[in-house]
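S.K.: Sequences are here, hints too, so could you generate the full structure?
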Amino acid sequence: MRKALGIGVLLMVVLCGASLAQAAWAPVRPVEIVAPAGPGGGWDLLARTMQKVLTEEKILSVPVLVTNKPGGGGATGWTYLKSKRGQGEFLAVTSALILQNNLLGKSDLTFKDFTNVANLQTEWEVVAVAGDAPWKTGKEFFEALKKDPSTMPIGVGPALGNNDHVQFLMLAKAYGVDPTKIKFVVYPNTAAEQIPAVMGGHIKAITISMAETLEQHKAGKIRLIGISSPERHPLLPDVATWKEQGIDHIFPHWRGLIAAPGITDDMKAFWNDAIAKMVASKTWKESLAKLGWDPYYLNAADDEAFLAKTNESSKELFKAVGLVK
Amino acid sequence: MTKNAAAGFFALVLGAAYLIASFRLPEVTAGDEIGPKLFPIIIGVIVMLSGGALALSERRSQQQSPEAKKDLFSFRFIEERDTWVRIALTMICGIVYGLVLDWLGYVIATIIFMFFAASFINVRRHLENAIIAVSFSIVSFGAFAVLLKLSLPRGLLGFLPF
Amino acid sequence: MDAIFQNLTIGLQTAMLPINILWVFIGGLLGTVIGMLPGLGPATGVAILIPITYGMNPATALITMCAVYYGAMFGGSRASIMINTPGDSSAIVSCFDGYPMTKNGQAGPALAISAIASFIGGTIGMVFLVFLTQPVASVALKFGPAEMFSLMIFALTATVTLSEGSLLKGFISMGIGFMLATIGIDGQSGVIRYTFGIEDLQDGIDFLVVMIGLYAVAEVFKNYRDINTEYKVDAKTIGKVWVSWADFKKCLMPMLRSSPLGFVVGVLPGMGGTIATFMSYAMEKSLSKHPEKFGKGAIEGLAAPEAANNACSCGAMVPLLTLGIPGSGTTAVMLGALMMLGVRPGPILFQQHPEIAWGVIASMIAGNIILLIINLPLAIPLVQLLRIPQRIMLPLILGMGYMGTYFLNYSSFDFILVSLFALGGYLLMKLDIPLPPLVLALILGGMTEQAFRNAMVIANSNLLFFLEKPISLTLLVLACFSIVYSLRKRRKITEIHP
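Protein chains in written order, with our numbering: chain A, 1 to 325; chain B, 1 to 162; chain C, 1 to 498.
Hints are supplied without guarantee of correctness; some may be wrong.
Distance windows between CB atoms, simulated [what the hints assert, rightly or not]:
#, chain 1, residue 1, chain 2, residue 2, range
1, C, Ile388, B, Ile78, 54 to 64 angstroms
2, C, Lys240, B, Glu128, 25 to 35 angstroms
3, B, Ala21, A, Glu286, 36 to 46 angstroms
4, B, Ala21, A, Lys315, 27 to 37 angstroms
5, A, Ala240, C, Leu487, 53 to 63 angstroms
6, A, Asp148, C, Leu463, 14 to 24 angstroms
Computed far set for chain B versus chain A, every beta-carbon distance over 12 angstroms [said to hold, decoys possible]:
#, residue
7, Lys3
8, Ala5
9, Leu38
10, Ile46
11, Gln62
12, Glu79
13, Phe115
14, Arg125
15, Ala130
16, Ser151
17, Leu160
Over 12 angstroms on every C-beta distance to chain B, these chain C residues come out as not near it, computed from the model [to be verified]:
#, residue
18, Asn57
19, Asp206
20, Trp242
21, Arg344
22, Arg391
23, Val484
Keep in mind the hints are simulated off the structure, nothing from the lab. Glycine is no exception: its CB is placed at the ideal position from the N, C-alpha and C atoms.
M.R.: Pasting the structure below:
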């Protein structure tokens, strides 16, 4: 009995010690999540969703603030985060743009300048044509594009070199279309102008993320000829994946989380745990579903490897399609 | 020099500088055949032509009626010295405000900026100016950052729990 | 037609729920206040609501957000009229005649007519929204890059009308606006233009930053000259917040003409209240018998853009509700907020949830009336602010100008730009270069270039493309007419008033 008690006490001490070790650092002042964009966009919505879940699920005991820092395709917000070296209370939302801006020479920042925390969610990319267009499948469309690229302008926004643009170039390459021959029409206001433009027949197709096209597709105003997800998406059961169509093209449009550079291991451990708790919560899952986003959680270590791999493959692709020399 | 002639010369110089900068842009036709240079060059030419025409027409009308010199251009640096000093000080304050905002945070930076800006206008009434500065800063921060949850930089006061 | 009334009845049932009326009131009031503050526009107003609408029923959430949107349209011009500082981008034009009215001691009538014009524009816009939504939405689809470019050219012909004094100075002003518009990264080629290596300039200069500098802060600089003279405020004229019948009659036709114009511009993708207000102002000035009074406190020069602006915000709802496509910055934020609630506006919304789609439309009718009731009495305490002495008012204007600047892009770098543009505005005033063409070119510049280059990509660099498309051709012909007409009009005026 006494022995059992002894073991119990010992266990408790060990457990307490463990939890004490875990709580070696916790934020003491308000946590700031930087959304490197203005209110309303994908980055802002993700930051605000995190704010909501972290507070409602009581994962953090301090207030969570969302700081909007738009500019430079994310660079302004990330530069701000970089200036908070060593401070564990500062986080920022990120996406593939942090890699692409650097590869395209638009920014000096790389993912290595920060502490990676996690990958959080993804959207999938689609190619859409007008509802009454003759092309029903990816093959039909890209055959037509190959035959006469000069009559097939493609809409992309807000600027060349983003995920939307890159995924289309990858598909073109896979279907054997010369990517340098494709005519891209740039729409700085993205979906707001691209979707009416393809519906009105001014351009032949758009390359865009899935969530922005759902309603128009359901109403038959536009047709999605392929989606970059590994399996058919539950919200779009009638849209074939590229994989089904014989093209090895799985392309997530992911968003993740980074922290300021130079933070301690205790801080890293704290955020790794906090975010793991957040993505496991019901509120998080429901919020993502409402936004039409899919979970794409990778913890810090996996995310680091994922980013390094994506960076390499993007570099090769950019060279192959002539975006970088 | 009349105002019109001054405006004409100003446009000539501005247009020329802009044109030179435009010609030095890299020739990129990857995205489209027109490239990033054509549009700026057209603008530069329009501004230079308008400026040149304005300066010339002004000269001609002056030669015709030399007495029409009423609309003379002058910065009036001497007559309006106080105004120019105030403008310069306000500008310096505004620029410094921008440079220190992220570091000091909105509340502190705004108090300092408002106090100085008010002092240039409301000379020597320090107490009144201090009240304006402090109350403006705190009321606006409370209303927008605390109540409406808009993001304003916190800087040195980052520890505040609201 | 019967179907429309049936739907409207369903909508009214939703809209008239006490909870929804209450939120229309709260949203409208919040929007008015936010709209009044420089830099804070409807987009920020809707963003503020995002956390508040989390737990709401989707219809109530959308109704509240719309109330903030048109509330901001009512409030936007308050600061333009009172302190020459546009509350948001679509209130820029309200400075042109609103502020001179205040200087002439007519702040009361100016505030009153702007509320009344907003109401009339909003109401006409509503009627259009109810009856014309579906046909108008299909017109929006016909606008491709070629049509957009021709529309921009048409809008730019307003420069001729907007130039006070020498036409050449108007062109110089327009050119400077275009120059500012080309700063930043060129979307089509990725080339960075005229940033001198400053990263903060890569996204270009927000035109409201320029506006706050050129108008608000430069106005403070101008006041430095006579800083010790207090405003000579006549208590009688200032206290009277009402419009005389004669003034109202003067404004009636301009308001009725500007509302449809504003609505149509609002429907077009990527266009917005700013362009609608400029076009209506230029139209009224060129139609007026006394164009020389514009810019010096002509009441119809204030009423017309106000009506256009509110009709435009109704027009902007068309692509959002029918196609699920945000037609403006504000509706884009609304779309994001609605998605967080799990509602996706779009063609299906009208069929599956008529109570939401039509509830919103019906609530806007009630909202317009409520806002008129809020805004008219609100003008009474507002005009009293003019009694505050200059020496206290000017620092406050500076503070609000800089704070508003921060909210545009959350960037402290913009403070430096505002300071520089204020000096620029002061120098341009010294040179007698008119500002309106600069502002117009700055707003349209980026879009004009992009539309031209997009059209050329589509047409393989064939310039005839602009003439082959009927809508584009019509707009170009209209542009030619507009230039000839306003040039002749100018000549006539200079003959009468040399």
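S.K.: Give a verdict on every hint.
M.R.: The hints, checked one at a time:
no.	hint	verdict
1	C:Ile388 with B:Ile78: 54 to 64 angstroms	violated (32 angstroms)
2	C:Lys240 with B:Glu128: 25 to 35 angstroms	holds (31 angstroms)
3	B:Ala21 with A:Glu286: 36 to 46 angstroms	violated (53 angstroms)
4	B:Ala21 with A:Lys315: 27 to 37 angstroms	holds (32 angstroms)
5	A:Ala240 with C:Leu487: 53 to 63 angstroms	holds (59 angstroms)
6	A:Asp148 with C:Leu463: 14 to 24 angstroms	holds (22 angstroms)
7	Lys3	holds (38 angstroms)
8	Ala5	holds (39 angstroms)
9	Leu38	holds (16 angstroms)
10	Ile46	holds (24 angstroms)
11	Gln62	holds (46 angstroms)
12	Glu79	holds (42 angstroms)
13	Phe115	holds (26 angstroms)
14	Arg125	holds (36 angstroms)
15	Ala130	holds (28 angstroms)
16	Ser151	violated (4 angstroms)
17	Leu160	violated (7 angstroms)
18	Asn57	holds (22 angstroms)
19	Asp206	holds (14 angstroms)
20	Trp242	holds (31 angstroms)
21	Arg344	holds (25 angstroms)
22	Arg391	violated (4 angstroms)
23	Val484	holds (19 angstroms)
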